[in-house]
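Enquirer: Residue-level listing of the chains:
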Amino acid sequence: MGLFVNEILFSNQVIVYLLSESILFALLLVAFFVSLKIVLKWDFESFSPAQFKLEQQAYLVTTIILFVFAIKFFLTLYFTFTIDVLSLLVPGAMCSAGVITANSYGSPLLVLKLLILFGLTLWLYVNFYDVRTKNYQWFKEKSFLFMGIFLLIVVELGLDFFYFSNIDTHLPVSCCSALFGQLEGANPLPFGLDIKMLLILFYLLFVMVILTLVSKQSVLYIVSNILFLYVAYFAVVYFFGTYIYELPTHKCPFCMLQKEYYYVGYLVWSSLLLGSYMGISSAITSLWLKKEFKSYKMVMGLLGFFVLICTGYVVVFYGGNGVFL
Amino acid sequence: MLNNAFFHFFTLQLFKERGKHIAVVLLSVVILFLLSSVLFLSSSIRHSLNQTLSVQPDFVVSKTLGGESTTTPLEWSDELVDIYGVSEVSPRVYGRYFAKSKEKFFLIVGVDFLEEQSHQELKKIMETTELKGFLNGDKMLVGEGVKNYLSQNFYEDDYNFLTPKGEFKKVAIFKTLSAKSNFIANDMMIMPIDLARTILGYGEEEVRDITFNVPNPDEWEMVADKVSALHFNLSVTSKKEVEKAYENLYNYKGGFFLILFLVLLTTFVLILYQRYSMVYSSERRNIGLLRALGWGINDVLKLKFLETISVLLISFVLGVVLAYVYVFVFDAPLLSSIFLGAENIERNLGFVPVVDFSVLSSIFLIYAVPFIASVLIPVWRVAVTDPKEAML
Amino acid sequence: MIVIENLYKKFGEVTILNNINLHIKQGETVILKGVSGSGKTTLLSIMAGLDKPSSGKILIDAEPISKLPDAFASKLRAKKIGMIFQHFNLFEHLSVEENVMIPLVPSGLKQNVIREKVKNALDLANISHKKSMLASRLSGGEKQRTAIARALVANPNIILCDEPTANLDKENSLMFIEILKELHGQGKTIVVATHDPLFEYLSFENKVIPMVDGAICE
Chain A
7 MGLFVNEILF
17 SNQVIVYLLS
27 ESILFALLLV
37 AFFVSLKIVL
47 KWDFESFSPA
57 QFKLEQQAYL
67 VTTIILFVFA
77 IKFFLTLYFT
87 FTIDVLSLLV
97 PGAMCSAGVI
107 TANSYGSPLL
117 VLKLLILFGL
127 TLWLYVNFYD
137 VRTKNYQWFK
147 EKSFLFMGIF
157 LLIVVELGLD
167 FFYFSNIDTH
177 LPVSCCSALF
187 GQLEGANPLP
197 FGLDIKMLLI
207 LFYLLFVMVI
217 LTLVSKQSVL
227 YIVSNILFLY
237 VAYFAVVYFF
247 GTYIYELPTH
257 KCPFCMLQKE
267 YYYVGYLVWS
277 SLLLGSYMGI
287 SSAITSLWLK
297 KEFKSYKMVM
307 GLLGFFVLIC
317 TGYVVVFYGG
327 NGVFL
Chain B
25 MLNNAFFHFF
35 TLQLFKERGK
45 HIAVVLLSVV
55 ILFLLSSVLF
65 LSSSIRHSLN
75 QTLSVQPDFV
85 VSKTLGGEST
95 TTPLEWSDEL
105 VDIYGVSEVS
115 PRVYGRYFAK
125 SKEKFFLIVG
135 VDFLEEQSHQ
145 ELKKIMETTE
155 LKGFLNGDKM
165 LVGEGVKNYL
175 SQNFYEDDYN
185 FLTPKGEFKK
195 VAIFKTLSAK
205 SNFIANDMMI
215 MPIDLARTIL
225 GYGEEEVRDI
235 TFNVPNPDEW
245 EMVADKVSAL
255 HFNLSVTSKK
265 EVEKAYENLY
275 NYKGGFFLIL
285 FLVLLTTFVL
295 ILYQRYSMVY
305 SSERRNIGLL
315 RALGWGINDV
325 LKLKFLETIS
335 VLLISFVLGV
345 VLAYVYVFVF
355 DAPLLSSIFL
365 GAENIERNLG
375 FVPVVDFSVL
385 SSIFLIYAVP
395 FIASVLIPVW
405 RVAVTDPKEA
415 ML
Chain C
0 MIVIENLYKK
10 FGEVTILNNI
20 NLHIKQGETV
30 ILKGVSGSGK
40 TTLLSIMAGL
50 DKPSSGKILI
60 DAEPISKLPD
70 AFASKLRAKK
80 IGMIFQHFNL
90 FEHLSVEENV
100 MIPLVPSGLK
110 QNVIREKVKN
120 ALDLANISHK
130 KSMLASRLSG
140 GEKQRTAIAR
150 ALVANPNIIL
160 CDEPTANLDK
170 ENSLMFIEIL
180 KELHGQGKTI
190 VVATHDPLFE
200 YLSFENKVIP
210 MVDGAICE
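Protein chains in written order, with the working numbering: chain A, 7 to 331; chain B, 25 to 416; chain C, 0 to 217.
Calculated from the structure, these hints are not laboratory results. Yeah, the Cβ is synthetic: ideal placement off N, Cα and C, and Gly gets one too.
Once the Cα atoms are required to be at most 25 angstroms apart in a straight line, the calculated PhoX-like pairs of lysine-lysine come out as: (1) C:K56 / A:K47; (2) C:K51 / A:K146; (3) C:K74 / A:K59; (4) C:K56 / A:K140; (5) C:K74 / B:K412; (6) C:K66 / A:K59; (7) B:K171 / B:K148.
Which residues of chain B face chain A? A few of them, derived with a C-beta cut under 10 angstroms, are: (8) S66; (9) N74; (10) K264; (11) N272; (12) G279; (13) I283; (14) F329; (15) S382; (16) L389; (17) I390; (18) V393.
Examples of chain C residues toward chain B, derived with CB under 8 angstroms: (19) D69; (20) R76; (21) A77; (22) N88; (23) P102.
Input sequences plus hints: build the corresponding full structure.
Expert: If you want it as structure tokens, here you go:
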């Protein structure tokens, strides 16, 4: 599929979104080439004016990355919001789920975005430690990490354009009930679990995450958080979400981002993702750079908040109706 | 490190360089004003349109001849009623009536008051109209635009229609419709279906089209197929398609504007870059001095970015507020005619203020991201000024 | 404590500093004597971390100031070094008090702590009576005293002065030397780069180091 000019590209939000992504990309391109030059010529012990200039340019790279990071987080929210708005134009779509699956670029794009945000969070942690050393100890590691993320961002930009220009507004898409609904016999849950076992696993993993956080067991923590993320996704879509929608058959990760559910989806997903990103990044840097595991309180708070919201919806429903769905 | 002392120093610096900053603020405000006005206007129109469309019936059926809609047989409504999932079948008689003297037209809408209405607004209107009085004699309900036009042409309480048969029909105005339904109802005259038939020239068993609702959205596609299958010359249009068409139209207009706007923005960005790059030697000395006195590159960067953000925020607030006043208080003269197109009857339009996250964040992104991106490199260049400059 | 070993500074083909070796103990007062072009200002800049050498070692309180990342170097400068420039280098549009405050602004200290330190520095430099006056309105001597207050506000233990009396009359020059004496009495390390003969006859202990053509003469 190539690039088509279609009505989607004329939508206000899409223009703003693509423009912002392009500008950020341009800045990152500059940062990339400067980074490359720095990595190739870096010699901290040298007194040459060239080396001092490189140190100055390192500030440019850091500033650009910090700016891009801040905007990218906001842009991801904006992207989600835009997709939701586009559901008006795509036949059959009642929420973002339909729009994302309107072509084959949508899901990879979303996953890539989440991956990039994680990479940038990791970079932030490495940078935090690096600038506190007296000899830019992890400068090369930091730079290679950035360059890796940059390559992902190149792919992301391409996917952005391909995705939006290939949304066919004449082809109907499946809505979330078709995408996430339980087909006869097929079990969408992982490891062949049923809902009850899934929930037990969900809470067990959460406890494990907290315990490994408090005891600063980095490797165990990373494993348990990743598992928790995976299980939590299914738990939210196939269980907690139904309590948000108050409909046992409504299974969708996107509908909860809409106005009628008070945009609670943003709270649910961002607390889960943010907490996990911060925690895993912190754990990785503590292992890799042999530093102490920081920000664990914040991670606990965020993940705890996530679990609280999810459980809260169930409790409130039960309290108000006396039964479970 | 963002303590009071820092802010204090920052305000002093800002004030000192106010000449440079005010120029940027002015330029930004103009740009933001244009941008915000367009976005406010288009989202307000879209909102009103959606509101109006949401009360429309789900489907419209008409007979086609040579690919165009033509008079539809009334008996088709019986066939529609039989289809499972279909409700509130309402045959419609409506059309344009030309007031020859001024070359303007009215939209005549005939309603069968004894039947269910599939149009929510009409339903509401029926419910709030004293039907007995209305149906007693030849009376009609008119939209505000119609009322104003008639008054201007000395028709205060009634109007004389010239029917296709060549006769005059006097119809009294029973009530004027609220401004809330102005978009659609503005040029409307609502009257009993038989009266409409007479004025427009429809036969007894003829209607313009037939509308119906399908309460269960999952059945829309299936019902649409079944209805299409009834007759080879039957066309069925769904509300969603209309919604989409309008959305695309306004997107197209808005998007087109935005793309033109981008050209303006590029110029703005270039100007900014140039302006911020023009670092006078005195500023270099000052920054060098700060560095010599123990300020790190990060501290200088923070100072400079705080300056930038202030300019940004001040311009943003000013530009958006001015645009708000322009669009929602003064009804956007000039700009609104571009968006609504040359109108049939002058509208007494108040744009509904629709200012939400989507609009504000769009404005913010399209302005702030290019702005900061263009000043980032010049600001960095200043921040890394050698402290040696202080010694010169 | 300032330790300089095998320090060179080249600018293209020109050698500005040639194999400087210097040890300055805490509390010492050192006068770098020489005509303009002898390299004393450059040496002072490097000591202050404002310039970087082409090769060699320089340690300020055991920290290699020229090889520190900017974040560390600037903190070191802010905390341990007070600089007094030849042309005073005040912000003309700010008041005396605001000028003196500047080194402390990025420190993250609370407003009232900063105010206290500023007050002490103004008192020490004998300029508190003019604290609200705009720097542009001050006389030469008053500007110098403001610069002194600014250099002292963070209570650094190293004071570096670059031709401090070049723009002062004799009376103010002598007043300046009195202040230096007091600072010496407080145990501060003082380095003055000057060719003012007044500094050859100081009433307190000091070491004069003559410089010619970028090298120290023994």
